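S.K.: These protein sequences, in sequence, are chains A and B. All residue numbers for the first sequence refer to the numbering used here, where the first residue is 465 and numbers rise by one. All residue numbers for the second sequence refer to the numbering used here, where the first residue is 49 and numbers rise by one.
Some clues are possibly wrong.
Beta-carbon label-pair distances, calculated as ranges [what the hints assert, rightly or not]:
id, chain 1, residue 1, chain 2, residue 2, range
1, B, CYS117, A, GLU517, 46 to 52 Å
2, B, ARG133, A, LYS606, 46 to 52 Å
3, A, GLY584, B, CYS117, 21 to 27 Å
4, A, MET465, B, ASP107, 47 to 53 Å
5, A, THR535, B, ARG75, 18 to 24 Å
6, B, LYS135, A, ASP609, 25 to 31 Å
Computed from the model, here is a short list of chain B residues facing chain A with C-beta under 8 Å [as the list claims (entries may be wrong)]:
id, residue
7, SER62
8, GLY86
9, PRO99
Derived from the structure by calculation, the hints contain no laboratory data. None of these values were measured; they are calculated from a predicted model. Don't be surprised by glycine CBs; every beta carbon is placed ideally from N, CA and C.
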Amino acid sequence: MNKKALLLLGCPEVPVQTGIALYLASRLKNAGMDVFVAGTDAALDLLKVSDTEGHYVDTEMMTHQDKCVETLAEKRMEFDFCFVFVHNDAGISYLATIQSISKAKLFAIIFGHDAEALSGQIEFNCEKLVAKSVHNPIPLKKEIDERIREVERWAVSN
Amino acid sequence: MGCIELMDFEILLSHTSFKEGREFIRRNFKDVYEVEPGYKLFDVYLIGVSPIVIGIENDHVIFPYVKPCHGTFVLKIEGGEEIGRLKSRI
């Protein structure tokens, strides 16, 4: 059975989020994972418009972020990996919630103007990928590229 | 989101950080309870950094409510059965 990965998006106000989400979804999908995405209606609509034919994320595997929290809290769903997008204080709250209700290996993708300060506020256990990307996704892509091989190895392990 | 946004609520604090919301509740309410993220209150699972604090004042609950694009709000809502459920956790 394929491993399951969740991408939990934040508010889509920072431009790099959609591009990085599609890039990460592509890498995880190519590694053989089932990729689910949760987010606000606007964040999900940005993905749907950007990936019109669903090459990277199947629209049936998209859900509202609070519905996703509900299914995890009620133990109706579990993931092997969760990638939480964090560029504001609310992002840390969602990250902490996933850390509390899920046993998935947790990654914080921290970006935006305040990336380093936000990273410093995260005191609980998770892997941090940090880049001060706002408009230019390349610094954050590099962070992902440096860490993704480890995830890809886990994707095929038992 | 669920029914909370359809309920009769009062906003005590808006567009703040989660930490500031927690401190506000601790500072302004004597009867305070700590729960973990994902605690179910009314029909929603609370979002936040542990511990999430919920205040009780008379027949109302005071709690943080996080929105991805707008930060943390501190809401006050008539608690009903939630008050007994919180108190029985001790």
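S.K.: Hey, does the PRO99 (chain B) contact hint survive, CB to chain A under 8 Å?
M.R.: violated (10 Å)
S.K.: Should the hint that GLY584 (chain A) and CYS117 (chain B) are 21 to 27 Å apart at their CB atoms be regarded as holding?
M.R.: holds (22 Å)
S.K.: Is it true that the C-beta distance of MET465 (chain A) to ASP107 (chain B) lies inside 47 to 53 Å, as the hint says?
M.R.: For ASP107 (chain B) against MET465 (chain A), whose Cβ atoms are near 49 Å apart, the range 47 to 53 Å holds.
S.K.: Between ARG133 (chain B) and LYS606 (chain A), is the Cβ distance one that fits in 46 to 52 Å?
M.R.: Holds, since ARG133 (chain B) and LYS606 (chain A) (Cβ atoms, about 48 Å apart) stay within the stated range.
S.K.: So does THR535 (chain A) sit 18 to 24 Å from ARG75 (chain B), Cβ to Cβ?
M.R.: violated (35 Å)
S.K.: The hint names SER62 (chain B) as touching chain A; please verify it with the least Cβ-Cβ distance against 8 Å.
M.R.: violated (13 Å)
S.K.: For the range 25 to 31 Å, tell me whether the beta carbons of LYS135 (chain B) and ASP609 (chain A) fit it or not.
M.R.: violated (51 Å)
S.K.: Given GLY86 (chain B) as an interface hint, is the shortest Cβ-Cβ distance to chain A below 8 Å?
M.R.: holds (4 Å)
S.K.: Take the C-beta atom of CYS117 (chain B) and the C-beta atom of GLU517 (chain A), compute their distance, and say whether it sits inside 46 to 52 Å.
M.R.: violated (28 Å)
Checked against the numbered hints given earlier, the structure breaks hints 1, 5, 6, 7, 9 and satisfies all the rest.
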